[in-house]
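Residue numbers (this note's numbering), protein chains in the order written: chain U, 1 to 401; chain L, 402 to 717.
Hint data in this document are derived by calculation from the structure and do not stem from the laboratory. Some clues are possibly wrong.
Going by beta-carbon spacing under 8 angstroms, a handful of chain U positions derived as facing chain L [as the list claims (entries may be wrong)]: (1) R101; (2) G105; (3) H114.
Anything over 10 angstroms on all C-beta distances counts as not near chain U; from chain L, calculated [stated by the list, open to error]: (4) I516; (5) P606; (6) L607.
From the three backbone atoms N, C-alpha and C, an ideal C-beta is built for every residue, glycine too.
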Amino acid sequence: MTAKIEAKNLVKIYGEDTEKALELFNRGMPRSEILKETGLTLGVAGVNFEVAEGEIFVIIGLSGSGKSTLLRCINGLLMPTSGSLLIDGNAVEKMGDKDLRSLRGEKISMVFQHFAILPNRSIIDNVAFGLELRGVEREKRRAKAAKALETVGLGDWKYKMPQELSGGMKQRVGLARALVMESDILLMDEPFGALDALIRAEMQEELVTLQREIKKTVIFVTHDLDEALRLGDRIAIMRDGVIEQIGTADEILAEPANDYVEKFLTGIDVSKILDANSIAKWPRGTVRDTESVSVALHRMKKADTDYLFVTEPRRKLAGLVTRDDLLPLSKKRQTSFKDIIREADTILGDTIMRDVYPALRQAERALAVVDENGRLLGVITHNTLVESLDDRKGGDGIAEL
Amino acid sequence: MLNFSLPKLEIGTAIEWLVRWIIENLSIIFDVIKNVLDTITGGFNDGLSAVPPVILIVIFALLIWLVTSKTTALLSLIGLALTWNIGLWPQMLSSLVLVVISVIIALLIGIPLGILMTRSARLEAAMRPILDFMQTMPAFVYLIPAVMLFGTGVVPGIFATIIFAVPPPVRLTYLGITQVPDDMKEMAVAFGANDRQVLRKVELPLSLPSIMAGVNQCIMLGISMVVIASMIGAGGLGAEVMRSVNRLDLALGFESGLAIVILAMVLDRVSRNIGSDKVTPASRIIGYIKRWRKTRQEAKEAERGSSSAEEKETEI
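Could you put together the complete structure from these sequences and hints?
If you want it as structure tokens, here you go:
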């Protein structure tokens, strides 16, 4: 079986007059030296991989590792400096403008980190954008776009404008825009990176479900290890433009190829890029400030806990209520618990892991993770932290924090 | 003892020689341009003057109402009526024609030039000092070659106005397009767009506010040239201003100055509102049409949905 996508000794050097830099690279000079010598950045440094049809191939690495550069070489947004990239056996780097355009317009579609939704077009016309470029007539492309919007669960939002949508919805539009092209290959550039923990988990789930139906070849770039492990049929770990290891999640976890991968997995380096938001879990139960005492008690029982976070409209965090405070009210047959809401320990979603641990130690109960507008994004308990380190295979990570 | 001196560089003489050479060798082209522009401005002037002022003022006010608001339209109506009342209506019309024709030509040159500059860094680097030159060179200076090339009258006025008013649309078009986020352009390319499609479907729509600011600036500079252009016989309100200065006639000076201010304010409000996302009667009408088309589309979709279901049944 031939591979759907195949990279052979792929090298990408940014800038003009790359010959000298390429020669230095071929002589084995490291990336930092090449930068010093020529002033040019080595984005991708000799990468080989094959992706089979219908596979989700995840490329993971820290920022600057070359993962987005590699992704852009696949649809020719960036042209490789040397080496070859084959789609169904055809070399992208040898294609002319016309072939490249039809490759992008018919065979490969892309989903972007910051959505890239055109603000001046309605949702349906954003989704139909690719078909419009292809020259499909208006009625036809709108009908197809409407269908794609149904697929991603935004059927009722067709004629809304992008400003009216939340981040998660915008990325659904981005996904629909790619799906409507009916291309075989889907390139996803950190598609859920700009979303908060809850929405991200939801979108990951949906992508897995969707992929079962559509069976596209997906190249998925991320810096989130959880996401990579959850989605990837196979995972490539990149550093400084080089792929350190390729394998299934199990293979990589069981046998890290080298120290870097090992460290990457145990979370020493990961702690630098992970933030509170990325390990937060949605609490098993919450209660709205307008609900009644008995509802709150019932939900506590169900969630097997003695406190609940209280939210206002738009998921804004109001504080928390405890069972001990609620029981007297319940005896007095009072229904509103607004007066006994306590202040909750909170932490901003973008707090890096190093600062999360001390905050957690001081917190009386759980830490509520909020965004800058005070909206609840998730919860970190002592257990979540241990679990998340455990996920990365190594409880001793705590010492590093 | 420093009695050696560098010879003076004859820059001025060189330019003069260049212009004279152009006149001698390319005068046919300028004659054609002059005749065409004379015919156009003459036609507009005659056409507008033929309409009774009252009717024209009401039509203008209605048009202004369409693209702005009730208040602006009402104030414009009062302003225009005032101009008519103080006896400057014909001059106002000829100034309006001068400004509008100059601005249209300036935009036809300026916007494409701004677009081209985003495509070529070399052109951009070359145009930058030229634009500085055009904007800072005292506007009177343009009158000299204008007269040499076109004689006196409206056409040299238009020529000088164009040179003076062209830089803002060039700059603001360039600025607007360069400020379109890269990821939008990348998205379009990634979905198979060619250069023209990127320009038409992404760059121009997203830079429209900036381009319209350029249009507005172009109009304002055009109006400020009205007085200066009258020095070479372009007529209109500027000529009245010149006459009042020569005669030290304060009353006429104030009246004609006021008429220019009114013209400027009306054109400014109108051009500022076109292309903005403010709610205006015109945008409301467009909104009605869009909504009507949407409901029709949805009705069609529903129909198609049921008919395709039927088709499936028959297939089975």
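Outcome of the hint check:
1. R101: holds, 5 angstroms
2. G105: Holds. Min distance 3 angstroms.
3. H114: Check passed: Cβ of H114/U comes within 6 angstroms of chain L, closer than 8 angstroms.
4. I516: At roughly 18 angstroms from the nearest Cβ of chain U, I516/L sits farther out than 10 angstroms, so the non-interface label holds.
5. P606: violated, 5 angstroms
6. L607: At about 7 angstroms from chain U, L607/L fails to clear the 10 angstroms cut-off, so the statement is violated.
Going down the numbered hints, you'll see the structure goes against 5 and 6, while the others check out.
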